[in-house]
Amino acid sequence: MRWFWIDRFVEFTGGQRAVAVKNITLSEPHVSDYWPGTDYLPTSLMIEGFAQTGGILVAEAGGFRHRVVLAKISEVRISANPQAGQTVRYTTVLEQFNTDGAFVTGTADVEGECIGQVKLVFAHLNDRFDAELFLPGQLLQMLQQWRFFDVAQQPDGTPSAVPDALLADPLEVKTAQPAV
Amino acid sequence: MSHYNQEVYNKISLVLIDALGVDEDEICPEATLIGDLGAESIDFLDIVYNLEKTFDVPIPRGELIPDDILTSAEFVQEGKVTPDGILQLKQRMPFADLSTFKENPVVQNFGNLLTVKDMCCFIEGKLQKAA
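If you're matching them up, the sequences are chains A and B in order.
In terms of this note's numbering, the first sequence opens at residue 1 and continues consecutively.
In terms of this note's numbering, the second sequence opens at residue 1 and continues consecutively.
Hints should not be assumed to be uniformly reliable.
To be verified - In silico SDA-like pairs for lysine to any residue, Cα to Cα no more than 25 Å straight-line: (1) Lys-72/A - Ile-42/B; (2) Lys-53/B - Asp-33/A; (3) Lys-53/B - Val-69/A; (4) Lys-129/B - Tyr-4/B; (5) Lys-90/B - Asp-18/B; (6) Lys-72/A - Leu-26/A; (7) Lys-72/A - Glu-111/A; (8) Lys-72/A - Leu-127/B; (9) Lys-72/A - Asn-104/B; (10) Lys-129/B - Glu-40/B; (11) Lys-129/B - Asn-98/A; (12) Lys-11/B - Glu-48/A; (13) Lys-72/A - Pro-36/A; (14) Lys-11/B - Val-76/A; (15) Lys-72/A - Gly-62/B; (16) Lys-53/B - Asp-67/B; (17) Lys-72/A - Glu-40/B; (18) Lys-53/B - Asp-100/A; (19) Lys-72/A - Leu-20/B; (20) Lys-11/B - Leu-87/B; (21) Lys-11/B - Thr-54/B; (22) Lys-53/B - Ala-165/A; (23) Lys-11/B - Asn-98/A; (24) Lys-53/B - Thr-43/A; (25) Lys-53/B - Lys-102/B; (26) Lys-72/A - Ala-31/B; (27) Lys-72/A - Gly-111/B; (28) Lys-129/B - Asn-50/B; (29) Lys-53/B - Val-15/B; (30) Lys-72/A - Ile-47/A; (31) Lys-11/B - Ile-34/B; (32) Lys-129/B - Gly-62/B.
Unchecked claim - Footprint (simulated), chain B over chain A, 3 or more residues, beta carbon under 8 Å: (33) 90-100; (34) 139-153.
I should point out that these hints are in silico values taken from the structure, not numbers from a laboratory.
Don't be surprised by glycine CBs; every beta carbon is placed ideally from N, CA and C.
Whole structure, please, built from the sequences with the hints as guidance.
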């Protein structure tokens, strides 16, 4: 199981803006069981949706060479939660990018009505942290599942190609080794 | 620099209230960002970004906190900033009062040096250069 809080990208302009959608369904236990009888996407998981949409925007701006993590939720305003049967659309804008990290703003809307706004700070993990967040192949697979390459383009309109950094180390399938 | 512009101070206070979630009455000129206001390293990304937006001045990395000096093998030995390192810091941080830090220049203590007043002086210097 992966931690997917968006279903697909619908717009992506490298270094500038990313838009992704998530369909809310009753078959998700966090929707049907979080507050029985209400059937909505909890706010914390909306923030995850913003973070995934904005996080990929930040990662792409750095050529997918940095380990990007959500470091701080500077501001969040949620006026309504999307209900089962609705589609939430996350729009994120890259406000600033530097070697330390990035600043992203975002809005969420359902059927054209704005229901949330965030300001997020992302950090690039430095050498003090040796944890691997993804194998490059895993991240590439996630991008493909999100239909990222169907919509991603550069500001001049050129379609975005699979970045070299994600091709460097193909997905490894770890298998149990027999005991000797 | 011991004086600061009240308008700059007020704007910086708003940035700090937003970035650190502190109350207005917690902010005073002598308050240190880390020790008194609870700033963490990641907050400085947020603070610098909002200072740039508020005052419309670019703040290159390392200008507010010259971490290249603080992590340099040349200027830091056995966890302390060397006399040459202190000179470098003075040149790079004319807005900050380094006198207390200089007495026991342990790098770990550096983070608690910067005060709200220092931030004001830093921004005023940037605004004067930009004018």
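Tested hints:
With a C-alpha separation of about 7 Å, the suggested pair Lys-72/A and Ile-42/B falls inside the 25 Å cut-off, and the hint holds. In summary, the hint linking Lys-53/B to Asp-33/A is not supported, as the alpha carbons are separated by about 42 Å, beyond the 25 Å threshold. Annotation: proposed proximity of Lys-53/B to Val-69/A holds, straight-line Cα distance about 23 Å (limit 25 Å). Proposed proximity of Lys-129/B and Tyr-4/B is supported: the alpha carbons are some 16 Å apart, at most 25 Å.
Between Lys-90/B and Asp-18/B the CA atoms are separated by roughly 29 Å; this puts the pair beyond 25 Å, and the hint is violated. Straight-line distance between C-alpha atoms of Lys-72/A and Leu-26/A comes to about 30 Å, which puts the hinted pair past the 25 Å bound. At roughly 28 Å between alpha-carbon atoms, Lys-72/A and Glu-111/A are farther apart than 25 Å, so this suggested pair is violated. As the CA atoms of Lys-72/A and Leu-127/B are separated by approximately 28 Å, the hinted pair breaks the 25 Å bound.
Our distance criterion of 25 Å between C-alpha atoms is broken by Lys-72/A and Asn-104/B, whose separation comes to about 32 Å. A threshold of 25 Å between alpha carbons decides the hint, and for Lys-129/B with Glu-40/B the separation of about 29 Å lies outside it, so the pair is violated. Between Lys-129/B and Asn-98/A the CA atoms are separated by roughly 23 Å; this keeps the pair inside 25 Å, and the hint holds. Pair hint Lys-11/B plus Glu-48/A does not hold up; C-alpha atoms about 31 Å apart against a cutoff of 25 Å.
In summary, the hint linking Lys-72/A to Pro-36/A is not supported, as the alpha carbons are separated by about 30 Å, beyond the 25 Å threshold. Restraint check for Lys-11/B and Val-76/A: satisfied, since their Cα atoms lie roughly 21 Å apart, inside the 25 Å limit. Our distance criterion of 25 Å between C-alpha atoms is met by Lys-72/A and Gly-62/B, whose separation comes to about 20 Å. Taking the CA atoms of Lys-53/B and Asp-67/B, the gap is about 22 Å. The hint holds against a cut of 25 Å.
With a CA separation close to 10 Å, the supplied pair Lys-72/A and Glu-40/B stays within the 25 Å bound. Of the pairs offered as hints, the one joining Lys-53/B and Asp-100/A holds, with about 18 Å between alpha carbons and a cut-off of 25 Å not exceeded. Among the hinted pairs, Lys-72/A with Leu-20/B is consistent with the structure: their alpha-carbon atoms are about 11 Å apart, no more than 25 Å. This hinted pair does not check out: Lys-11/B and Leu-87/B have alpha carbons roughly 31 Å apart, beyond 25 Å.
Note on Lys-11/B and Thr-54/B: the hinted pairing holds, with a Cα-Cα distance of about 8 Å set against a maximum of 25 Å. At roughly 32 Å between alpha-carbon atoms, Lys-53/B and Ala-165/A are farther apart than 25 Å, so this suggested pair is violated. In summary, the hint linking Lys-11/B to Asn-98/A is supported, as the alpha carbons are separated by about 24 Å, within the 25 Å threshold. Our distance criterion of 25 Å between C-alpha atoms is broken by Lys-53/B and Thr-43/A, whose separation comes to about 28 Å.
Only pairs whose Cα atoms come within 25 Å are accepted, and Lys-53/B paired with Lys-102/B is rejected, the gap being roughly 33 Å. Distance check on the hinted pair: Lys-72/A and Ala-31/B sit about 23 Å apart at the alpha-carbon level, within 25 Å; holds. This hinted pair checks out: Lys-72/A and Gly-111/B have alpha carbons roughly 19 Å apart, not beyond 25 Å. This hinted pair checks out: Lys-129/B and Asn-50/B have alpha carbons roughly 19 Å apart, not beyond 25 Å.
Proposed proximity of Lys-53/B and Val-15/B is supported: the alpha carbons are some 10 Å apart, at most 25 Å. Between the alpha carbons of Lys-72/A and Ile-47/A the distance comes to roughly 11 Å, so the proposed pair stays at or under 25 Å and holds. In summary, the hint linking Lys-11/B to Ile-34/B is supported, as the alpha carbons are separated by about 19 Å, within the 25 Å threshold. Only pairs whose Cα atoms come within 25 Å are accepted, and Lys-129/B paired with Gly-62/B is accepted, the gap being roughly 17 Å.
Counting residues of the segment 90-100 of chain A whose beta carbon lies closer than 8 Å to any beta carbon of chain B gives 5, which meets the minimum of three for the stated coverage. Note: the segment 139-153 of chain A has 0 residues with beta-carbon separation from chain B under 8 Å; the three-residue rule is not met and the coverage is violated.
In this structure, the hints that do not hold are numbers 2, 5, 6, 7, 8, 9, 10, 12, 13, 20, 22, 24, 25 and 34, in rising order.
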